[in-house]
Amino acid sequence: MNRYGLTIAVPRGALLTETLDALEAIDVDAREVRENDRKLLFGDVGIVTMRPSDVPTYVEAGAADIGIAGKDVLMEQSERQVFELLDLGYGPCKMVVASVAGPDAAEEALRRLGVVRVATKYPRIAAAHFERTGRQAEIVEVKGSVELAPLTGLVEAIVDLTATGTTLRENGLVIREEIARSTARLISNRVAHRVKAAAIDEVVERLRGV
Amino acid sequence: MHLRIPSGTRDVLPDELRELRAIERALLETFERFGYGEVATPAVEYDETLRLADIGVRPSYRVVDDHGELLALRADMTVPIARVVATRYPTAEPPLRFCYAANAYRAVRPHRGEMREFRQAGIELVGAPAPDGTAEALSVLCRSLEAAGLRSFRVGLGDATLYPRLLDHFGVEPAARRQILHELATRDLVGIDRELGRLDLPADAAELLARVPRIRGGTELLEADGGPLADALDGLRTEVALLEGDIAERVIVDLGRFPRLGYYTGAMFEIYDPLIGEPLGGGGRYDELLGRFGRALPAVGFAIGVERLHAALAGEERGERVS
Chain A
1 MNRYGLTIAV PRGALLTETL DALEAIDVDA REVRENDRKL LFGDVGIVTM
51 RPSDVPTYVE AGAADIGIAG KDVLMEQSER QVFELLDLGY GPCKMVVASV
101 AGPDAAEEAL RRLGVVRVAT KYPRIAAAHF ERTGRQAEIV EVKGSVELAP
151 LTGLVEAIVD LTATGTTLRE NGLVIREEIA RSTARLISNR VAHRVKAAAI
201 DEVVERLRGV
Chain B
1 MHLRIPSGTR DVLPDELREL RAIERALLET FERFGYGEVA TPAVEYDETL
51 RLADIGVRPS YRVVDDHGEL LALRADMTVP IARVVATRYP TAEPPLRFCY
101 AANAYRAVRP HRGEMREFRQ AGIELVGAPA PDGTAEALSV LCRSLEAAGL
151 RSFRVGLGDA TLYPRLLDHF GVEPAARRQI LHELATRDLV GIDRELGRLD
201 LPADAAELLA RVPRIRGGTE LLEADGGPLA DALDGLRTEV ALLEGDIAER
251 VIVDLGRFPR LGYYTGAMFE IYDPLIGEPL GGGGRYDELL GRFGRALPAV
301 GFAIGVERLH AALAGEERGE RVS
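Here the protein sequences line up with chains A and B, keeping their order. With the first letter of the first sequence counted as 1, position 107 gets the number 107 in the working numbering; the numbers rise by one all the way through. With the first letter of the second sequence counted as 1, position 76 gets the number 76 in the working numbering; the numbers rise by one all the way through.
Keep in mind the hints are simulated off the structure, nothing from the lab. Predicted, not measured: the structure shown is a model, and the values here were computed from it. The beta-carbon is built from N, C-alpha and C at its ideal position, and this holds for glycine as well. Heads up, a few of these hints could be off.
Stated by the list, open to error - Restraint-style ranges between C-beta atoms, simulated for each label pair:
#1 A:Asp-37 to B:Arg-237: 49 to 59 Å
#2 B:Gly-197 to A:Glu-141: 29 to 39 Å
#3 A:Gln-136 to B:Ala-185: 29 to 39 Å
I would like the entire structure built from these sequences, with the hints used as guidance.
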């Protein structure tokens, strides 16, 4: 266990390196996590690693006391009862609407067909965005590379997360709208937040200074 | 043949039911000892009756009866007991004390293993205002959990009026007030800081409003240093002062507690066990609910989730976390 006595849910993927940097800066030994990308549970240092979108699930249920999750994940799972404690600042990215470069196929679909088809891994964020802006959208949930969907004619637009925009550009897509900005957040379980208040506050204070 | 039962319901077989009944017996005996009389009410009520209470919880089942009336299964026992008080005890001298162990029904969020039908045991203390009524309910809560054999639980104690009072004190305008309280209800501290940053508040006011949602800990926190926070803590301070020492020690004062929805008007409780990732139950003051049923009386109560309490007891027995 780490010095705080807290089980920490750590996302594998884009946020992993900076998350481990942050944890080491507050004296949680993350070396083994860096060195072993197959192991999931590091009981000696109180770290469990998982797919990023699973972090709120584990924290909500109390299988982890605290965790690190992108705001994009928290927005998509907004009904999860977890507490958002701190904006960690790293992992900046934008949730955007994009479509194939040139005349906007999405706009034309809306004008002529009354509905735009949108592929995304974030069906709730996408649906809420189009609803809020008064446009009818047919949301197509995909699990793999979203960029493929408009290139093959499956949809006219996508809603996806982008950090640098490189992947979009390389696939001939352009950003049409920005929906939200995201960074990594520290979240906590509801019960742990009360019964382990001192330990959690110490983590928050020290991470704030990192 | 494959015979299913409705999603979110379950059968309880003898080994489990024996243990559940023993827990309920311990709880009910304690309630009775404190003068609470057990009541039973129909599982179904007229939908419009439940709507009167406006508790913000979606019913899991609505049915139309053979006369075309819309019925709903109760989401808790507080609303049916409020109806009982208003209709069966319209002139009885308060305070009135009732307890129950009963099934309740709520809509679930998908893929959480949540149950649409679950069992609650609790009390309603009607006509006993704060602070004495609140302190009595907290005492009955702790004594009943102890009687059931639970050892390491804590009781979170917040006040639904605390943060709104601070916002009013600093003259925060209604639209911003609503948004800040929304962030507070979901305990999005990043969101609270963001909303506060948009306001043109004096530095000390902004600092206090950002700090309060983060404050939780022992009852010593109520000894605040003068100023608007000390005033806002008056209610909790007088309630905690009435508690016996060992009960006060179980209390985690939580200044950032604000109800998502529902009828709470003052103190709010939540039961925590370090072994379980979600509260075992909760309650609080609902001084305006009875008025909606035509008998305006202050009231306070709590409900314990019997299945969750069972899981916590099993966890304590094994000495491990069960979530």
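- Message: Name the hints, by number, that the structure is in violation of.
- Response: none
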